[in-house]
Amino acid sequence: MTYFEVANLHKSFGGLIAVNDLCFKLAKGQIVGIIGPNGAGKTTVFNLISGFLQPDRGDVLWKGENIVGKKPDQIANIGISRTFQIVKPFRDLTIYENLKVACYGKRFLKKHRGDDRADDLILKVAKQIGLPKDLNQLASNLGQGELRILDIARILITEPELLLLDEPLSGLSQIETTMLLELIRKINQDGTTILIIEHKLKELMRIANNIVVIDFGCKIAEGTPGEVVNNDEVKKAYLGDKKRHAAT
Amino acid sequence: MSPENKKKIPSVVFFLLVFTFFFSIPLFTQNFYYLSVFTTVFIYIIFATSWDVFAGYIHLMNFGHALFVGAAGYLTAFLNIKYGLSPFIILPACAIFCGILGMFIGLATLRHKGPYFAMLTIAFAHVAHESTIIFSSYTGGEEGIAGIRTLTSSWIGDYYFILISMALIFCFLLLYTRGRYGLLLKAIDQNEDAVLASGINSTFIKTMTYAISGAACGIGGSLFAFSLMHVGPTSMEQVMSTTILIIAIVGGIGTIVGPFIGAIILTLLNEVLREVADYRLLIYTTLVVIIVFYAPKGAIGFSRYLNPMCLFDSFGRK
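Here the protein sequences line up with chains R and U, keeping their order. The first sequence: position 148 = 148 (our numbering), numbered continuously. Just add 248 to the spot in the second sequence (first one is 1) and you have our numbering.
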């Protein structure tokens, strides 16, 4: 049984095909990257997997079960959690309250029924992920990098099995990027499988086991980072077609 | 004692004083007029706080809250006059009826946002209002239904009955919004996608809160009908919905305490301005404009500047 599989996933918006019969698989414990030029359909894939959009056809299989048709909260509760390309913190709540919200998800409540570990877990995750010590300050006081970390921290509270990270490194400084890469590695070593969309290819290549390349909603390449960077289709997608440029 | 609990002491003392004052009014005066003014204050507190628990926290403007006032009023008249049931049965019946009504309206409207949601709430209240005219053989048409018996055998009994009901509803709404659901409502207001991604069924929370808002207002609507001994289409008019909304905004939405204070200020002001009947509406609306401009968080936001003790900090943070 495949751990996670996307099979013939298709989504169009009017005449525009955003995701075109996309297929790929994930093994437990992997870090898999999804890359592609702007508008390739990467975030749409995340929206389809996480239930924020429903596909026109195709399947998303999680441990053999087709999860297409489930709502976003149901998908989060079976262990697939996501972050967003544009950070979505609760700006008028404190850092503590931002993390506390995730403690009211069904998955968390089921796992921790009867114990009183919510606060301990919040403190542990906040410390582990490097959030400011003062958890009582408003999220609106945090910088872009800290907000992104807060977004990830909130999702980690739900203890996901598969984590979908949508451009987690965008807008981060070099130091923050290095820290977050270390954190992603650590989360992965702790047993969480990770699917990650990222534009910073150099950084992604350092942590990903496998890369899926998408262009115009179609998969154009898949393989290890080494294989993907040497793929002609990928080069064409990112740099354009040499012959076509010469002709124009 | 934790610092958080220490901060709450001034607020608790304030409310103990306010409720002590309310409970002691009949000891000083048994004048029907004064008691009925305060009874109206208590009923409007129920209307405004029940509006606030949903609309104030999620910032979805409910312009049709009077629907619950009228629905509960007519149910009260029906159960009291036709079947002679006691208030102890009618009040829970109204709460359940309006709660279910709120749940269905919530399910139908909550997928819409902003002006579309507001328009739908107006439409539902308007349909209900027009129905009272169309089905006049059941509802008494424009004249409504008179002859509802009083809550108790005395005015003072009625006063305490309504005061205690208001106090219980106020405490319930305060506890509801200061706990898990208040936090989730604020989170849904700020970013519903992130709430969903955390594994929380936001539709359920919104619908449940809308039902609670309806149920609480249903109790208020029933008490309103009992206190007037009459129910009519005016209880469902747009003016009623707008009055509730203004009270909540003037007090400070998303706080529960704000609409509590707003109801006291505006209902008493309304009575005081009866002396200058011609200018009443002018003064009333000018005050609303001033508050909206200079205290956009409502009276409760304004009180922070006046009160060095930050009296309401632990209650109204937004």
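Source of the hints: derived by calculation from the structure; they are not laboratory data. From a predicted model like this one, the values you see are computed outputs, not experimental measurements. Glycine included, C-beta positions come from ideal geometry on N, C-alpha and C. One thing to keep in mind: the hints can contain errors.
Where chain U lies over chain R, by a calculated footprint (3+ residues, C-beta under 8 Å) [what the hints assert, rightly or not]:
no., segment
1, 3-11
2, 81-92
3, 150-158
| Hint check, failures only | The structure breaks only hint 1.
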